[in-house]
Amino acid sequence: MVLAWYAIDYGMSSEQRFLLPTPLEVARAFVTEGPTLLGAALNTGVGALIGFGAAVALSFTLALILSLSPLVRASFYPYLMILQMTPIIVMAPILILWVGPGLRSVVIITFLICFFPMVVNTTQGLISTDRNLVDFFRMCHASRVQQIFLLRVPAALPYFFTGLRIAGTLAPIGAIVGDFYAGNSAGGQGGLGFLAIIYSSRFQMGALFATAAVSCLLGFIFVAGVVALSWLALHKWHDSFSQQDT
Amino acid sequence: MTQEAQAPVVELKGVDKRYGYGPLILDKVNFAANQGDFVTLIGPSGCGKSTILKLISGLNPISSGTIVVDGRSPDSAGGKLAFVFQEPTLLPWLDVSRNIQMPLRLHGGDPSARALAAKRALGLVGLSDRADYYPRQLSGGQKMRVSIARALTLSPRILLLDEPFGALDEMTRDHLNEELLGIRQQLAWTAFFVTHSVAEAVFLSNRIIVMAANPGRIHDEIRVDLPYPRTEETRQSSSYQRLVAEVSRILRSVERLKP
Chain A
876 MVLAWYAIDY GMSSEQRFLL PTPLEVARAF VTEGPTLLGA ALNTGVGALI GFGAAVALSF
936 TLALILSLSP LVRASFYPYL MILQMTPIIV MAPILILWVG PGLRSVVIIT FLICFFPMVV
996 NTTQGLISTD RNLVDFFRMC HASRVQQIFL LRVPAALPYF FTGLRIAGTL APIGAIVGDF
1056 YAGNSAGGQG GLGFLAIIYS SRFQMGALFA TAAVSCLLGF IFVAGVVALS WLALHKWHDS
1116 FSQQDT
Chain B
123 MTQEAQAPVV ELKGVDKRYG YGPLILDKVN FAANQGDFVT LIGPSGCGKS TILKLISGLN
183 PISSGTIVVD GRSPDSAGGK LAFVFQEPTL LPWLDVSRNI QMPLRLHGGD PSARALAAKR
243 ALGLVGLSDR ADYYPRQLSG GQKMRVSIAR ALTLSPRILL LDEPFGALDE MTRDHLNEEL
303 LGIRQQLAWT AFFVTHSVAE AVFLSNRIIV MAANPGRIHD EIRVDLPYPR TEETRQSSSY
363 QRLVAEVSRI LRSVERLKP
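Chains as they are written, first to last, in this note's numbering: chain A, 876 to 1121; chain B, 123 to 381.
One thing to keep in mind: the hints can contain errors.
What the hints assert, rightly or not - Sample of chain A residues at the chain B side, in silico, Cβ under 10 Å:
1. 1007
2. 1011
3. 1012
4. 1013
5. 1017
6. 1021
7. 1025
8. 1026
9. 1029
10. 1108
11. 1111
To be verified - Footprint (simulated), chain A over chain B, 3 or more residues, beta carbon under 8 Å:
12. 198–207
13. 219–230
14. 254–264
None of these hints come from the bench; they were simulated from the model.
None of these values were measured; they are calculated from a predicted model.
For glycine and all other residues, C-beta sits at the position ideal for the given N, C-alpha and C.
Use the sequences and the hints to build the structure in full.
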């Protein structure tokens, strides 16, 4: 792959060559910009994590409320739909004007991008409990609270983790996009998105590609984390983790 | 020889059932079951036999008439009633032992007492070595036995079983029938059983109620006087086979009835 990269590079004319840095240039950028990249990655990572965490907590709470009655769902869904349909790219500058640049707006944008898929999936899971299981709990004279926390919530876990996986891939994207608009490196607040803007404006291609690689890694870490959580919660009993025939 | 008159443990009087404004599912159903009876409801599809179980259990309300379960209405019968559904209805995220403990847990039992009760129930159905298994690791027959074990943990006086063995092969079914009667020897509950199988009905019960459909009503009752305990030998006996033939005949005549 590295060889193919070099081959493409040398095949280009010298004007074009600046568009695609060689692996060596990228590696050099890692060395020179290393600390900056690390700091930015941490900033973006922390912002994504906080936004993601807040989205998980609040979406779960809202899903519990929505699962209580069809009337409640009908009242709330229109607002959620409006939230979902407004593109983040348009909301981001508005939010920054309201909240100010820096970590806060990155967190909010990440939160908004993760919130909707999680609410929808978790709510669906909570209302899709097998009718027979609900009847069994009724026969045992279970209270409403017992029914929700001992039956509906565990039964909804596969749906919850589907939403979590989707949100896990969106969170780093949300944070980096939030960064484009919001991040500023005054006081080391900038993230990867902001660095991307800086490097591209200075035509530092090697550094730009290095930033892209680090963003990719951040996304990978998020997804790996979510997949690991999903495995922990589900592998013993859910059919999505098939048993090996030993 | 004659015992003092006992109040029936379950009594239905003039019970009607319809869903909303729909057609009459059950029409003036009357019967009484005494302590220790094993009553099987059998009949063509749509005759309301599963509905009767749901009404006795309190899962669905009656439209008119009265049902008295152990001296009370079905919803206040508390832990005296246990229901075994057509599907095993086990919680897939819990292992077998925790599944069996669930009714006790919902009633607020002490954890060590619960675990002990589960162990005992598991022993009754012959699955003591499967306590740590998850439902997806069990066969259909095993899941059903766990479901029955779970129903027994609250020591019910009345057991309701809605075609529990319908999805199983004949050999497993016969075996589970014998197991069920074996448990009954030890625990002496009153049972209401729904099935499509005449052979199963005759083997298990001392009373068979044949129902007709459109609307659901009781057509006939047959007493099965074969002695308990019943075994594989019982199935070979001529009196058993005669009863199976008779019940089948009545069932066929019911199916031919015009609504």
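Ascending list of hint numbers which this structure does not respect
none
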